[in-house]
Every structure is written in structure tokens, then in C-alpha cells.
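Construct the complete structure from the given sequences, taking the supplied hints into account.
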Amino acid sequence: MTDSAPLEESYYAAHQKVYPREMSGTFSRLRITAAWVLLGLFYGLPWLRWEGRQAILFDLPARQFHLFGLTLWPQDFVFLAWLLVIAALSLFFFTAVAGRLWCGYACPQTVWTEVFLWMERLTEGDRSRRMKLDAAPWSAAKLGRKALKQTLWVSFALWTGFTFVGFFTPITELAARLLAHSVSGWETFWVLFYGFATYGNAGFLREQVCKYMCPYARFQSAMFDRDTLIISYDAARGEPRGSRRKGVDPTTRGLGSCTDCTLCVQVCPTGIDIRNGLQYECIACAACIDACDSVMDHMGYPRGLIRYDTQHRLENRDTRILRPRVLVYGALLAALIVGFVVALALRQPVGLDVLHDRNTLYRNLSSGEIENVYLLKIMNKDSRPHEFRVTLNSEGNDDEGSLRHQLDPREPKFLVPAGEVFNAAVRVRRDAWNDATDPIETDEPEAESGVGAAEIHFVISATDQPGLTARAESRFFAPRD
Amino acid sequence: MPDALSGRRALTVLWCAFLAASVATMLFFAFVDPSPVVALLQPTAVIPDPTTLYSLGFLFFFAVCALAAGLTAWLLTP
Ligand code: SF4
Ligand code: SF4
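Each protein sequence line maps, in turn, to chains A and B. Going letter by letter, the first sequence gives residues 1 to 481 in our numbering. Going letter by letter, the second sequence gives residues 1001 to 1078 in our numbering.
In short, the hints are calculated from the structure, not lab data. Treat the hints with care, since some could be wrong.
Restraint-style ranges between C-beta atoms, simulated for each label pair [claimed, not checked]:
id, chain 1, residue 1, chain 2, residue 2, range
1, B, A1010, A, G254, 24 to 30 Å
2, A, R347, B, A1010, 43 to 49 Å
3, B, G1007, A, N359, 57 to 63 Å
If you want a taste of the chain B side facing chain A, the calculated C-beta under 10 Å gives, among others [said to hold, decoys possible]:
id, residue
4, L1011
5, S1035
6, Y1054
7, F1060
For every residue, glycine included, the Cβ atom is placed at its ideal position computed from N, Cα and C.
Right under this line is the structure:
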């Protein structure tokens, strides 16, 4: 890598540690509120209970996903995938309208970095103190501060890992096991794994994740157009920049509104100068807006030298919110959401799988009848228990009016607890096979060996809730004459 | 500075592999239920519970994806 191209050289420039300056203002308050809400959700939700169990739980061993009253099964995987598509499309939509809102306010990378920065400030002081501390030779005081910071960071990272695992394994039990020092090997591994990732991303990598590792940061510009809200510096108003004393009319000095105080650069978590125009490193955190507004207030100039605005308005042209791109994203999003809600509402919270007995194809009963045994897997995905009645609906049963296949006993009923799979063995019998009358001929391999097969359909219906039914198909085997 | 460069490369490779492996794990286990496998291997106790299989599954995908991403990064290095 000695002769890399110039572009690559700059792209892979050695990392300069960024010391973001803290700033207060409208947007930082908004950002902190968003961070509190999101962190509160992340750390709090696993502890929330709903109908006697954890409200949100990806129960991997049981292969169920609990979302408040809703239980999703692997068969409902499509809903999860659907949800992911909705999330992705929302991201497109919001990016087209208002730029990188996600990055500035909601991305875990931003939120956790904010917390880690806050801890850094707590232990090492503000920006200038941190820079001085890092430049200073090692001393007891420096060691103490650094150790304190690392302790906070590591504990917070471990708590994060613990919470993360708590989404997959009941968190109260996990906590109890933790206190009893009996956490399983894998749980420990995942707590450490996720804790380490948190520490690495929020404590160590920070803005480098956005610059070098984030796919969204690379393709978000494809969703931008000249009507997208971006963080922008009003160069027409700000230039020529230059320092001046408060109260001096800049026009008499031939200056614009920018006092060249570099505050906007100091607060930037990615270490860029927004005055150079829109750059892909900008995560739209709006810290520079707060910084610049505070300077404008101080100087008695109107706010908004750096502001949320669109390229078109900066060029003094009209800006349209509703444009084809936004309409298309919006329409798609709305359709997907409506479809999702409808599909979820129509989803039958019951499932049926039928397995033919593996060991015996059929049995000859002394009555001359043939018997097959099936294993019914009845899934009650509802949040209440249900009693299900099993009936048969086999081809050939109805057309001649004679019930060729019969359940034994006639109408078995099974009580299935909420959210469980019930395995029910069911016997079906019929008269001996008769080639002439049986409508279903098969050319399956069994046919050669003198065995015929007929399709039969099992239907389960809840006795306590009409319309709650499921059906599944299987085959009935019998010897041919 | 080759050190910063290779460090960043390694992290990027691992990160991309992590993303791809997460997707692969989700898709794979949406269709494959580990419990019969666990039951089958019960006597040997190699895989005592589904959690182990989920974890091993993820690590396997992670390793394969990291291999692919790493090779790609390496071969694309001028
Ligand atoms: S650039 Fe990527 S990692 Fe950074 S804040 Fe935006 S989405 Fe998050
Ligand atoms: S330029 Fe401004 S909005 Fe963009 S990342 Fe830096 S401080 Fe945040």
C-alpha cells in the first residue's frame, strides 16, 4: 500500500481524533430528548410485562416472537420481512424529505456515541480540557480520570450487552441467573460480544463508522434532490467571513455575517467544516446550527446563517415538498403499511401440520377396514387457549354421499393452550381399497407395490370461536386388490 | 499510514460480514428448526440446546462471510 492513488490516500487519511465541543440549543435539546426516548425504550422495554410474559421477546428456543399481545411464528416470517421493508422505505421517504434525519437523531451509532461522549465529559471535562489532558504526560490525575472513564464505559457497554441478550432470553430470569452466577456460556458470550461492539463503536470508532463503514451514509445521497432539507451554510449571506467586534456594522468592513469563530467546526462530531458546502461526512446532527445561532444571537444578527434548508431555496428558487420522488415513496409506504395491517388482522392465529405415521403405512383391522394414523400438529398462535374439533374433508367423501374416510373417534377435540403446539395422534379408517370406485388413482411408487393412496384433508375449527379454522392435506394409504 | 488503513479495512470487513451473517442467520433459522437436530445429537451432547446451535450457526455464517469479504478486500487492494 505504498503507492496508493491520491484519492485513496485522502479517503484513507490517518484518523485525527475529533474532540466535539458540547453545545446547547434547540436542536441539541431535540437530539438529547430523542436519545433519552430511544435509550429508554431499549433499556426499558425488555422489562415490560404483558399478559404475564415479557412484552417483547424473540424467544429463539421456542421459536416465537412475542410483540405485546401478538405472537409471531416462523410461519409468519413474512410479516417480519414485511416490517423490515417498511422500515427501509420509511428511511428512503424521510431521507428524501428531510435529509439525514435518521443519522442526526435516531441512529444507534449517534445515540450511543452521545452517551459515551457525555461520560467522557463527565470524567475528563470539556473540549479544551480533554485536549489538554490527552496532550499532557501521564500522571496520577490523568490515569485516574481515564480509569474512571473506562470504568463507566465498560459498565455501560456490559449493561447494553445484557439488555440485548434480554431481548432473546427472558430478562428477569437472566438477571436472576446473573446474580446467582449461573449464566450459561453462550449468554455470557453474547453479552460480551455485544458489549464489546458497543464499546468499540461508541467509544472508539465513533464518526469513523459513519465515514467508512456505514452503507446508508454512502447511498443516502441517491435519495437527495435539490428540494431535500439539508444542513446548509448560507454562503451568500456569510461571506466574506472575518472577525469583527460586536456592534461593528459588517457592511462598513466589507464583511458578511460569518465571524469566522470556527465554533461550527469545533462542535461537529465528524470534524468537518459545513461552510465548505454539503459533504457526505455530515450526519445532519444540527450541532453547528445551534453553535452558529448562539454566535448570531451574541452579535445581534438574525439567526439561521447555518440552517435546515433546501438547495433550491439557497439559490433563491421555489422549493416543492410534494414532488414525484416523495409521492412515489409516500404512496408505496402507505400501501405497504395498509397491507401489513390488513394482513395482520386477517391472519388466522391457528396453524395445522399433518404428518403421516412414519412407521406403519396402514393397518388391516379385524373388521376388514383399513386404518392410517396421523400426527396433527395444532398450533394455537392466539393469546387465549382454544378447543379445536378435528373433521375430515376428503375427496370422494362428498360426491357419493358416503363417508369413505372416517375419523376414529368421530369428532376428536383437543384443548390447546395459548401459544403452544399440540401434538395429537388421530386415527382414520375406511373400507378396503376398491379400484373401480375409488376416484383417485396414483402413479406413485407405492402403486406398484400394491398400495393405493388417496388425498384427505384435515380441518380443525375452534369450538369457541366460529371461523377460526385451518386445514392441511395428507394422504391415506391402503392396499389395492 | 498503512496501519490505520489495514485496521480500518479489517473492521470494515468484519462489519460487513456481521451484517451479511445476521441476514443469513435470520433467513436460515426462519426455515430450519434446530430442535430436531438437537434431539438427534442428544446422546453425544455436542449440541446441548437450541441456543448453542443458533450461536454456532451465526458464528459459522460470520466466518464464511468474513472470509469472502476479506478475500474481496485483499484482492481489490492495488
Ligand atoms: S452515517 Fe450511518 S452510522 Fe452514522 S449516523 Fe448515519 S446511519 Fe448512523
Ligand atoms: S456539519 Fe453540522 S450538522 Fe453536519 S455533522 Fe457537523 S455539526 Fe453536525
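Please write out, lowest number first, the hints stated earlier that are contradicted by the structure.
-> Going through the list in order, the structure violates hints 1, 7 and respects the others.
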